[in-house]
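Fit chain F to the supplied structure of chain S, relying on the hints for placement.
Line by line, the protein sequences give chains S and F.
Heads up: the first sequence runs through residues 1 to 255, numbered per the working numbering.
Heads up: the second sequence runs through residues 1 to 66, numbered per the working numbering.
Any given hint could turn out to be false.
To be verified - Listed below are the simulated SDA-like cross-link pairs for lysine to any residue, each with C-alpha atoms no more than 25 Å apart in a straight line: (1) S/K20 <-> F/H43; (2) S/K86 <-> F/S47; (3) F/K51 <-> S/R32; (4) S/K255 <-> F/R38; (5) S/K73 <-> F/T24; (6) S/K20 <-> S/R245; (7) S/K223 <-> S/G142; (8) S/K73 <-> F/Q30; (9) S/K13 <-> F/Q30; (10) S/K20 <-> F/L50; (11) S/K167 <-> S/I187; (12) S/K151 <-> S/P138; (13) S/K20 <-> S/A251; (14) F/K51 <-> S/E90; (15) F/K31 <-> S/D60; (16) F/K51 <-> S/R66; (17) S/K192 <-> S/K255; (18) S/K20 <-> F/V28; (19) F/K51 <-> F/W66; (20) F/K31 <-> S/M1; (21) S/K255 <-> S/P42; (22) S/K20 <-> F/S46.
Just so you know, the hints here were simulated from the structure itself, not pulled from any lab data.
Predicted model, so just to flag it, every value in this text is computed and none were measured.
So you can see what is in the structure, the chains are spelled out below.
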Amino acid sequence: MAAISYDSPAILKEFAERHKIDYPLLADPESRIISSFGVLNPDAPGMMRGMALPGYFYADANGVIREKYFEAKYTDRFTANNVMAKLFPELAEEVTQKVLAPHLGLELGQSDRSVVPGSRVSLAVQVDVPQDVHVYAPGVRGYKAIQLELKPSPDLELIPPVYPSSKVLYLDAIKEQVPVFEGKFQITSDAKISATPDFMKSLGAGEKNLNIAGQLRYQACDKTTCYLPTSIPVAWHLQILPLDRQRSPEAIQHK
Amino acid sequence: MFSVCLLALGCTSDKSSSPRPASTGQSVGQKMPPFIARDQFGHEVSSDTLKGANGTVLLFFRSADW
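The shape of chain S in the complex, shown without the other chains (with noise of 0.2 Å):
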């Protein structure tokens, strides 16, 4: 992984230095190879002309492009462990906490802890269905299926959740073909803290605690018994810390 902006190689060096970032953040002072990537921002005013549109590519091994991470505003950007986490999710090391529910183990992740304003992180439900017994997916009728809930709040925005793909299950006693899941599988939702003038200016200079909270309905069936429709509060917590505001030692500044 590497980092590219339009700043010289010294405000780069005393920024690494200052939070201690050992990966490559590239400096491209003349905005070539932004502007190669089609990433240039053709609106930045003074000092600002030849900034980056902030995002992420993935290219594989042969060089291709295989996915991208821009939002519309430049004030949203995914976190680096979301985009992680998305791309390698055998990597991922996901903050997580195990939540008791029926017929099920559950356990609820996130791709950050602590996030600044603007962020798009991810929040995840990683079930664990027994065997022998299997809960009904998305598009089934007749029968509740499973849906994850979020709460909405002003200082976040809610992206709908990713069910994984579902299999269909012939269930001899009523002949009927249900799609549904059995064994491990996760649910995700991307939630993207604000950045709005208020919600900064509530932050000040501390921090504050964000709580993101929902509900998980589910109905399990095993061999000989179909359960009756659950509905599971759960909840992630989040830190949001104000954004950095300190500037490069003067002598090197853009101007």
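Using the frame of chain S, we list chain F on its own:
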């Protein structure tokens, strides 16, 4: 863990605050443009040297100065 504290930067207001379409930049399926640049240690780094067995992740950010 992939810590990227560099994103915790002050976003002082600028005139370029109009929303951008999500289809920013090079498209998926295109080859990544080749490049060479100097990193914070003064080392020359190229798109070829950055490539790993699992590919490359590039983060474009606004500025480390402000």
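Hints and how they fare:
1. S/K20 <-> F/H43: holds, 17 Å
2. S/K86 <-> F/S47: Holds: S/K86 and F/S47 sit about 22 Å apart, inside 25 Å.
3. F/K51 <-> S/R32: holds, 20 Å
4. S/K255 <-> F/R38: Holds, because 21 Å separates the two Cα atoms, which is no more than 25 Å.
5. S/K73 <-> F/T24: holds, 11 Å
6. S/K20 <-> S/R245: With a Cα-Cα distance of about 17 Å, the restraint between S/K20 and S/R245 holds, given a limit of 25 Å.
7. S/K223 <-> S/G142: Distance of about 18 Å is within 25 Å: holds.
8. S/K73 <-> F/Q30: Since the Cα atoms of S/K73 and F/Q30 sit roughly 24 Å apart, the hinted pair holds (cutoff 25 Å).
9. S/K13 <-> F/Q30: violated, 31 Å
10. S/K20 <-> F/L50: This hinted pair holds, its Cα atoms lying about 20 Å apart.
11. S/K167 <-> S/I187: holds, 15 Å
12. S/K151 <-> S/P138: holds, 20 Å
13. S/K20 <-> S/A251: At roughly 21 Å apart (the allowed maximum being 25 Å), S/A251 and S/K20 satisfy the hint.
14. F/K51 <-> S/E90: Between F/K51 and S/E90 the Cα gap is close to 20 Å, so the pair holds against 25 Å.
15. F/K31 <-> S/D60: Cα-Cα ~10 Å, so holds.
16. F/K51 <-> S/R66: Answer holds: F/K51 to S/R66 is near 14 Å, not above 25 Å.
17. S/K192 <-> S/K255: Violated: S/K192 and S/K255 sit about 32 Å apart, past 25 Å.
18. S/K20 <-> F/V28: Status violated; Cα separation ~32 Å.
19. F/K51 <-> F/W66: Distance of about 29 Å is beyond 25 Å: violated.
20. F/K31 <-> S/M1: At roughly 17 Å apart (the allowed maximum being 25 Å), S/M1 and F/K31 satisfy the hint.
21. S/K255 <-> S/P42: holds, 18 Å
22. S/K20 <-> F/S46: Answer holds: S/K20 to F/S46 is near 22 Å, not above 25 Å.
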